[in-house]
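Note that the protein sequences, when read in sequence, are chains F and X.
Per the working numbering, residue 1 is the first one in the first sequence, and the count goes up by one each step.
Per the working numbering, residue 1 is the first one in the second sequence, and the count goes up by one each step.
Be a bit skeptical, because a hint or two may be false.
[Claimed, not checked] So, partial list: chain F residues that the calculated Cβ filter (under 7 Å) puts toward chain X:
| id | residue |
| --- | --- |
| 1 | A15 |
| 2 | A140 |
| 3 | T142 |
| 4 | V157 |
[Claimed, not checked] No more than 25 Å apart at the CA atoms, straight line, and that leaves these computed lysine to any residue pairs for SDA-like:
| id | chain 1 | residue 1 | chain 2 | residue 2 |
| --- | --- | --- | --- | --- |
| 5 | F | K148 | X | P20 |
| 6 | X | K12 | F | A144 |
| 7 | F | K143 | X | E21 |
| 8 | X | K12 | F | P52 |
Calculated directly from the structure, the hints in this document are not laboratory data.
Note that the structure is predicted; figures quoted are calculated from it, not measured.
Glycine is no exception: its CB is placed at the ideal position from the N, C-alpha and C atoms.
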Amino acid sequence: MPSHPKAADLPALLAALCEAGVEFIIVGGVAAVLQGAPITTTDLDIVHRRTPENVARLLDVLLKLDATMRYDLARRGLRPTAEMLAGRGQINLSTSLRSIDPLCQLDEGQGYDELLPHSVSVHDEGKLLHVLDLPTLIAAKTKAGRPKDRIVLPILVATLQERAKDKR
Amino acid sequence: MVARAAEALTIKALIEALDPEVRAAIDDVDRTLIALALQQSPWDRLRSASRMAETLARIRDAIASQGG
Chain F
1 MPSHPKAADL PALLAALCEA GVEFIIVGGV AAVLQGAPIT TTDLDIVHRR TPENVARLLD
61 VLLKLDATMR YDLARRGLRP TAEMLAGRGQ INLSTSLRSI DPLCQLDEGQ GYDELLPHSV
121 SVHDEGKLLH VLDLPTLIAA KTKAGRPKDR IVLPILVATL QERAKDKR
Chain X
1 MVARAAEALT IKALIEALDP EVRAAIDDVD RTLIALALQQ SPWDRLRSAS RMAETLARIR
61 DAIASQGG
């Protein structure tokens, strides 16, 4: 069973996906941080495109990063598979660069293609990222309604308001 | 002008969908932190958040190792 670091290296994890040409949309806490929300997060949530080619690219990166199932109580070191990544669920993984959760869909019927029009393109440091926009992220977290979502919602709304002010 | 009005309506609708407790907390958010984050580039925002998460994890581990 591999021992993965506790320290987050989300920029390195994100860079590894970009360099491999994986098509994905960043959702969750990292999407909020990239758009200016002052919150902390320890894992990277993505919705990936589920074409066979893209699933293969994503799986290749994950296996190179020694990805294993995070909530396997028997600690068998189970690896993700192409079938899992092409399915409809959420996979919680631990890697040598910390945690990543590839989501086949954010919600029912909200896969990569459906979410792309609700994403913003972030060009920075020679990389292009697709990031779920704040209104869609706020709506998703409002619907989820878990305590961890409720805690960040006021910050996300305030960030959206401040960004709107900046545009004026 | 039209885009701004549409954006204002979107924000209003999102706020109305929140429960009153969450809605009330919006006024308590420290907006200077948002302003500071918005001055950084997206990747620098992520680096800052990552470093903060690392620091919090170290503090949590230190407390746990002391039996706290």
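To see whether the hints hold, each was checked on the structure:
1. Hint status for A15(F) relative to chain X: violated, with the closest Cβ pair at about 9 Å, above 7 Å.
2. Because the smallest distance between the Cβ of A140(F) and any Cβ of chain X comes to about 11 Å, over 7 Å, the interface hint for this residue is violated.
3. Here the hint on T142(F) is kept, as its CB sits about 5 Å from the closest CB of chain X, short of 7 Å.
4. The beta carbon of V157(F) comes within 5 Å of a beta carbon in chain X, closer than 7 Å, and the hint placing it at the interface holds.
5. A distance of roughly 17 Å separates the Cα atoms of K148(F) and P20(X); the hinted pair therefore holds under the 25 Å criterion.
6. Using a Cα cut-off of 25 Å, the hinted pair K12(X) and A144(F) holds, with the two alpha carbons roughly 19 Å apart.
7. In summary, the hint linking K143(F) to E21(X) is supported, as the alpha carbons are separated by about 15 Å, within the 25 Å threshold.
8. Using a Cα cut-off of 25 Å, the hinted pair K12(X) and P52(F) is violated, with the two alpha carbons roughly 40 Å apart.
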